[in-house]
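Participant: Next come the chains, spelled out residue by residue.
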Amino acid sequence: MFSIINIRVGFYLALRQIRRASLWTTGLIVFVMLLTFLNLVVVTGILVGLIEGINNSYRTEYTGDVILSALTTKNYIEDTPSVIAFVKSLPQVTMLTERYQTGGTIEANYLTRTSDTEKPNATSAQVIGIDPVAEDAFTGLASHVIEGHYLAEGDYDQILVGNYLLAQYAFGELPGLTPLKNVVPGTKVRLTINGAVREVVVKGFVKTKIDALAMSIFMPASELRTLMGRTDQNVMQIAIRLQPGSDPIAFKNLLLTSGIGEKAKVQTFADSIPNGVADIKKTFAMLGNGFSSIGLVVAAITIFIVIFINAITRRKFIGILKGIGISGEAIEISYIFQSLLYAALGSGIGLLVLYGFLVPTVAAHPIDFPFSDGILVAPIDGTAVRILLLVLTTVLAGYLPSRMIVRKNTLDSILGRN
Amino acid sequence: MIDVKNLVRTFKDGPIETRVLKGINFTATDGEFIAIMGRSGAGKSTLLYQISLLDEPTSGEIRISGKEAHLMSEHEKMLFRLSKFGYVFQDYALLPELTALENVTLPLFMQGSSLEEAEAKASAALQRVGLGTRLGNLPSQLSGGEQQRVSVSRAIAHKPSILFADEPTANLDRESSDRVIDIFKELHRNGQTIIMVTHEDEYARIAGRIVKLDDGRIISDSRV
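So the sequence lines, in the order shown, correspond to chains F and A.
The numbering of the first sequence is the numbering used here, which starts it at 1 and goes up by one.
The numbering of the second sequence is the numbering used here, which starts it at 1001 and goes up by one.
The hints are simulated quantities; they were obtained by calculation from the structure and are not laboratory data.
Because the structure is a prediction, the values reported are computed rather than measured.
Heads up, some of the hints might be wrong.
Partial chain F-side listing against chain A, Cβ under 8 Å, derived [to be verified]:
hint	residue
1	TYR12
2	ASN182
3	THR410
Quick reminder that beta carbons are idealized off the backbone N, C-alpha and C, glycines included.
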């Protein structure tokens, strides 16, 4: 079928048919191809990007590239100063932040409660002690303050409260989590940690899509250490940011081989994300592929109809071509070339729109999903596979109808007989 | 060159069978100019389509240059039509999106010529019928007579053994018809075999031989 003569005659015919076809018709078909391409890439890209947004948030707002935390058998990272000194000495490290962490209770209506039977306006929370300056430099925590103000160095008895702990920002009362009511910046609350009680002022609210932080209270590390009764310098977490291009897995392995693993649990940002997130990512990718396949079928049917109508209205001319000795294969190839052109143009414009506009725009302005700042994930290899799928489908959808018409009796085609 | 024996062509439309050719026996030799005549429905175009291998006979034998054409595969017939035959249809049968030059170039290109070579031959064929200045025109930009001359050019550009013409002047005015017939006369003078279906006596008389059909049978075969 694909002899040189058939291919060159097919190309000769296709080129002239396309050149002299209606621009509107060609434009419409290419537009359908463009939409199909975007549907193939963007639907999956957004679904996967929604979860990738969670990963990115964890990495930028919480864990950094690699995070060290207390071993499960300990309440702190042993010999923290030497661990920090070692980590800082490594050339891959650009910055780090240290955190203390403990459980606590926060109560808001302790001043107005009139009897012991009245339900306290209180909730349990994770209390994180931070160096406000280092933490903001590392995670940009200050930018997440939606009411009130961020902590300053030297703040005394002041806290930030995560949005899930506040009735006005929480999704509702979850089991085991009763958000605080009637709390605004400036409200005095009672913080209890390990039996130690202190009255503190809510300086601001932090809104974040990372559950672990949204259900936390932030206060200066020096204050939390006092409340915890700690006199040593051992912290609970050290989040580490690496030089761009550094491999977190390789760095994790370096720390483990250096013996850090005996003092702290060493995890990359990906390790620290709950397992379910990876499963959801796979599920969403499958869903995206499912939706995209429907788009692919629609595109195939569109091309089939377009080529079928084109071929059937040109049946007489196809008959003439066969009559004067042009092979059926050459005629079929001419339709394959036309389909290829539509798919190539649609994909080409789609690539420009995708990588020239959509990906950078969504990266700069992530989609505000309730639990993630979604980005558009469109890896080159995945996109190439989808282009290949689109081209193959289009070629098949162009070939089949042309074959149906070409196979009809030559004279019947010329005379328009059925 | 062409030898037809007991050629039968029956058309079926559901249970109804119509026998259009009822056992035709016919021979054409090289260099002849044959006019096939007959009233409407006599079977003259059907006979032309059978011997030019555009259609399959229901039964009978067709030998062309000693080859059993009725036994050929569709691919062999296609190659035969491409290399040995030329066709001129009543309605010109030009491809609307190809220019005059491209319409004539296409079969030459299919035969294996390079594009330049095919275009040169096509250009020469078009000049031969007086269309040297209309090479780049689309069929829609040509008159009926000009389109038929493009069709003739396409049919003769590859120097076919036999030129088949199905009522080539039926859609043309007098002047254009004369011009087409003049081209046929000249081709015949140069040894071209031509088999032409026509219903016009005047043009039929130009052929050296007139075969008349009626009701699917040859009723006369005479030399002029």
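Participant: For each hint, tell me whether it holds in the structure or not.
Facilitator: Tested hints:
1. TYR12: holds (6 Å)
2. ASN182: Status violated, d = 77 Å.
3. THR410: Constraint on F:THR410 satisfied, holds at 6 Å.
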